[in-house]
Amino acid sequence: MSEQGNILFCGVGGQGILLASEVTAYSLLAAGMDVRKSEVHGMAQRGGSVTAHLRYGDKVYSPLISLGEADIVVAFEMMEAVRYLPYMHSGSKIIVNTHKIYPPAVATGKMVYPENVLDELTSRDIHVRELNAFDIASEVGEVRAVNIVMVGVLSTYLPVDEQVYVDVMHERIPERFRDVNIRAFQEGRKTAAV
Amino acid sequence: MTKKSSDKLWLSGNEALALGAYEAGVKVASGYPGTPSTEIMENLSKYDGVYTEWAPNEKVGLEVALGASFVGVRTLATMKHVGMNVAADPLFTSAYTGIRGGLVIINADDPEMHSSQNEQDNRNYAFAAKLPMLEPCDPAEAKEFLKTAYWLSEGYDTPVIVRTTTRIAHVKGQVAPGEKTSSSVKAEIVKDAAKFVMLPANARNRRKFLTERMKKLSEFAETFPENRIEWGDGTRGFITSGISYLYVKEAFPEASVLKLGMVWPLPEKMIRSFAEQVDELFIVEELDPFLELHIKAMGIRCHGKNFIPAEGELNAGIIKKAITGEDAVDYAPVALPPRPPNMCPGCPHRGLFYSLSKQKVFVAGDIGCYTLGFLPPLSSMDSCVCMGAGVSAVHGMAKALGEEGMGKEVAVIGDSTFVHSGITGLINIVYNDSYSTVIILDNRITAMTGQQPNPASGTNIKGEPAQMLNFEALCRAIGVKYVVTVNPHEISETKKVLKEEINRPEPSVVISRAPCVLIPSEKKRLKVPLCTTTENCTGCKACLGLGCPAIHWVPVTPEEGAKMGFKEKQKGYSEISTELCNGCGQCAELCKFDAIGIEEDK
Numbered sequence: 206m207s208e209q210g211n212i213l214f215c216g217v218g219g220q221g222i223l224l225a226s227e228v229t230a231y232s233l234l235a236a237g238m239d240v241r242k243s244e245v246h247g248m249a250q251r252g253g254s255v256t257a258h259l260r261y262g263d264k265v266y267s268p269l270i271s272l273g274e275a276d277i278v279v280a281f282e283m284m285e286a287v288r289y290l291p292y293m294h295s296g297s298k299i300i301v302n303t304h305k306i307y308p309p310a311v312a313t314g315k316m317v318y319p320e321n322v323l324d325e326l327t328s329r330d331i332h333v334r335e336l337n338a339f340d341i342a343s344e345v346g347e348v349r350a351v352n353i354v355m356v357g358v359l360s361t362y363l364p365v366d367e368q369v370y371v372d373v374m375h376e377r378i379p380e381r382f383r384d385v386n387i388r389a390f391q392e393g394r395k396t397a398a399v
Numbered sequence: 177m178t179k180k181s182s183d184k185l186w187l188s189g190n191e192a193l194a195l196g197a198y199e200a201g202v203k204v205a206s207g208y209p210g211t212p213s214t215e216i217m218e219n220l221s222k223y224d225g226v227y228t229e230w231a232p233n234e235k236v237g238l239e240v241a242l243g244a245s246f247v248g249v250r251t252l253a254t255m256k257h258v259g260m261n262v263a264a265d266p267l268f269t270s271a272y273t274g275i276r277g278g279l280v281i282i283n284a285d286d287p288e289m290h291s292s293q294n295e296q297d298n299r300n301y302a303f304a305a306k307l308p309m310l311e312p313c314d315p316a317e318a319k320e321f322l323k324t325a326y327w328l329s330e331g332y333d334t335p336v337i338v339r340t341t342t343r344i345a346h347v348k349g350q351v352a353p354g355e356k357t358s359s360s361v362k363a364e365i366v367k368d369a370a371k372f373v374m375l376p377a378n379a380r381n382r383r384k385f386l387t388e389r390m391k392k393l394s395e396f397a398e399t400f401p402e403n404r405i406e407w408g409d410g411t412r413g414f415i416t417s418g419i420s421y422l423y424v425k426e427a428f429p430e431a432s433v434l435k436l437g438m439v440w441p442l443p444e445k446m447i448r449s450f451a452e453q454v455d456e457l458f459i460v461e462e463l464d465p466f467l468e469l470h471i472k473a474m475g476i477r478c479h480g481k482n483f484i485p486a487e488g489e490l491n492a493g494i495i496k497k498a499i500t501g502e503d504a505v506d507y508a509p510v511a512l513p514p515r516p517p518n519m520c521p522g523c524p525h526r527g528l529f530y531s532l533s534k535q536k537v538f539v540a541g542d543i544g545c546y547t548l549g550f551l552p553p554l555s556s557m558d559s560c561v562c563m564g565a566g567v568s569a570v571h572g573m574a575k576a577l578g579e580e581g582m583g584k585e586v587a588v589i590g591d592s593t594f595v596h597s598g599i600t601g602l603i604n605i606v607y608n609d610s611y612s613t614v615i616i617l618d619n620r621i622t623a624m625t626g627q628q629p630n631p632a633s634g635t636n637i638k639g640e641p642a643q644m645l646n647f648e649a650l651c652r653a654i655g656v657k658y659v660v661t662v663n664p665h666e667i668s669e670t671k672k673v674l675k676e677e678i679n680r681p682e683p684s685v686v687i688s689r690a691p692c693v694l695i696p697s698e699k700k701r702l703k704v705p706l707c708t709t710t711e712n713c714t715g716c717k718a719c720l721g722l723g724c725p726a727i728h729w730v731p732v733t734p735e736e737g738a739k740m741g742f743k744e745k746q747k748g749y750s751e752i753s754t755e756l757c758n759g760c761g762q763c764a765e766l767c768k769f770d771a772i773g774i775e776e777d778k
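As given, the protein sequences belong to chains A and B, one line each in that order.
For our numbering, count along the first sequence from 1 and bump the result up by 205.
For our numbering, count along the second sequence from 1 and bump the result up by 176.
The reader is advised that the hints may include incorrect statements.
[Said to hold, decoys possible] List time: in silico DSS-like cross-link candidates among lysine-lysine, alpha-carbon distance up to 25 angstroms:
{"no.": "1", "chain 1": "B", "residue 1": "K638", "chain 2": "B", "residue 2": "K671"}
{"no.": "2", "chain 1": "A", "residue 1": "K315", "chain 2": "B", "residue 2": "K717"}
{"no.": "3", "chain 1": "B", "residue 1": "K717", "chain 2": "B", "residue 2": "K675"}
{"no.": "4", "chain 1": "B", "residue 1": "K703", "chain 2": "A", "residue 2": "K305"}
{"no.": "5", "chain 1": "A", "residue 1": "K315", "chain 2": "B", "residue 2": "K747"}
Honestly, the hints are just simulated from the structure, not real lab data.
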């Protein structure tokens with residue numbers, strides 16, 4: 206397998222980015238690839254801007270993606286999609302959850318949430334796929350499944366069969382959350398197929 | 177932590193280190209939580225046959241491990257880099273006593289300060305304390321190196337330090353489980369004063385042993401298979417270790433690399449021979465020029481920090497750009513509103529800091545979630561140095577300012593941090609008679625590192641019941657006459673108590689007690705979210721002063737405002753995100769217009 210890739214997950218602490226990157230990593234591993242992933246815990250997790258770096262291929266050395274080297278960005282929040290622009294390169298693909306979460310300066314009325322913020326991406330050579338994963342997760346019946354909706358969209362960009370993901374979720378997700386997460390995954394895939 | 181088809185596990189560096197400790201036959205392990213080291217002890221506590229504990233601080237943890245080693249069992253101490261400063265006292269002398277059962281200290285550095293107050297490079301401790309140090313580059317190596325460390329420890333009668341960094345500790349990779357090994361040392365009491373009683377006459381003898389031991393370890397370093405050369409083309413040669421090795425392999429896959437698995441002592445002959453066989457030698461390491469200085473001291477010409485940044489963490493792109501000038505970056509950053517970390521919705525610290533922000537005092541702070549009280553709009557922390565520093569510093573301010581300073585400064589410290597390093601500072605306040613006030617932010621748990629129990633929590637590392645430290649009784653026993661406990665969610669009462677105690681001309685302690693919202697029992701509690709009624713909201717923004725992530729401002733145009741029945745001056749209203757609200761009620765208490773309440777009521 207010669208497929209190689211760098212996936213950057215970004216969003217707000219508490220959105221389930223770690224689980225999303227875990228499910229993706231396990232699926233790539235099950236497909237026989239070498240995978241490395243890097244996360245940050247501690248202070249950075251308290252509602253701040255967070256990332257997880259995931260790299261896969263025949264043989265992966267560095268667990269970190271360098272600036273300008275993210276092939277796919279999975280942004281769980283709209284403004285965060287733009288914050289990590291320096292990680293993208295000409296031709297990068299980005300999946301954006303258009304749900305907004307206000308940072309403190311915006312929530313307290315000191316600053317405004319930038320309008321049409323995604324223009325910063327679409328005006329460059331970056332392939333943007335927008336969806337409101339929060340609405341999709343709500344329809345599925347579990348707002349906390351936003352992360353798995355995003356995994357569903359991401360899965361359509363990766364060389365791994367749908368069934369591999371489903372098997373991984375059967376193995377990894379506790380039974381009481383399993384079905385709703387698998388539905389969220391499938392709804393995510395459907396939006397990508399449109 | 178489940179098996180994959182290839183029998184390899186998918187583990188973080190910290191999970192791999194826990195497995196390594198188990199496979200090495202560790203019997204006693206002690207540590208204090210600290211990012212990025214915490215998950216080692218958390219994971220090790222799940223294995224059978226190994227005693228694990230959270231110690232009150234790193235010094236205690238290392239001394240526990242040392243005691244276990246003295247009676248002949250394999251033992252482990254874990255800590256973050258700044259924790260090593262706390263444990264430095266036993267560390268330096270344990271180098272003299274040596275060990276009986278294998279003793280390993282895992283030290284986790286945090287380049288880039290993802291969750292730390294400084295960026296110290298603890299490889300310097302290995303040099304200063306004359307101890308061997310191993311440095312793995314990924315989770316698989318972390319596990320193997322830990323097992324090697326026990327073999328080294330018992331083979332050379334020495335504590336061994338295993339150094340990780342954030343990108344080892346919190347990186348996940350594939351790890352093959354291995355055989356469980358054990359020590360040949362017998363667990364028993366052995367009296368050996370010449371080895372264990374470090375008074376001058378004995379210590380001078382052990383000092384000689386230490387020199388001999390370092391000489392032997394230097395010889396071992398020359399043949400240690402984890403100090404290895406990967407030959408490539410000879411134009412550029414790299415000497416590197418730890419995570420930097422992976423970045424070098426990524427940036428210069430065709431270059432020759434000397435990878436040091438042991439970063440102290442160094443294999444001088446191997447380094448010299450490698451240097452002779454490459455045209456240009458580069459030392460690539462994060463933080464200090466540790467290898468570079470020692471290699472230059474051998475009289476070897478090399479490049480290092482003249483190219484490679486000494487601040488922050490590295491990656492393949494940074495190294496490539498530093499050496500070749502090639503830059504892969506297409507896009508510059510876009511200016512956006514910042515998104516710093518914040519206290520959780522319903523966090524009890526928010527109520528305390530809001531109340532404190534009204535006192536106009538210098539707040540000598542400390543290390544924990546509550547350090548976030550520094551951020552606007554609360555802006556209620558004026559210093560933060562290290563665990564315990566606030567309590568001691570506030571006394572120094574009082575002594576420096578005398579009567580002028582009365583009522584103008586206060587210390588804040590978390591429950592776990594108070595036990596870690598605050599008690600001695602409080603004793604000093606009472607003993608040396610100042611008017612200082614200390615606020616203990618008691619949320620029943622060590623929160624920032626992920627809700628580890630501490631001596632005041634009432635449970636141990638396994639969640640079993642444990643003796644619960646009584647802060648009120650402790651403070652009174654120290655001699656504090658005024659000890660008041662408040663519920664920080666009740667803001668007006670908290671404000672009143674703070675004003676009274678801060679202005680008191682005698683030592684006092686305010687215990688601000690309410691549980692962290694992330695404690696499992698709190699997470700299970702039924703939350704009744706609050707909401708705002710736009711009819712009552714006047715847009716005064718009082719509730720926004722809390723900086724709660726669940727409350728946000730909704731601006732309206734004059735036309736929209738008129739439609740909603742707002743007065744002309746009202747520019748918007750506050751809204752509560754019910755999916756985020758924990759129903760703590762702090763905002764409802766601040767609202768003078770009855771605009772915040774439980775949904776059914778509104």
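Outcome of the hint check:
1. B/K638 to B/K671: Status violated; Cα separation ~37 angstroms.
2. A/K315 to B/K717: OK: A/K315 and B/K717 at ~11 angstroms, within 25 angstroms.
3. B/K717 to B/K675: 24 angstroms, holds
4. B/K703 to A/K305: 23 angstroms, holds
5. A/K315 to B/K747: With Cα atoms ~13 angstroms apart, A/K315 and B/K747 stay inside 25 angstroms; holds.
Figure legend: structure checked against the earlier numbered hints; the only hint not met is number 1.
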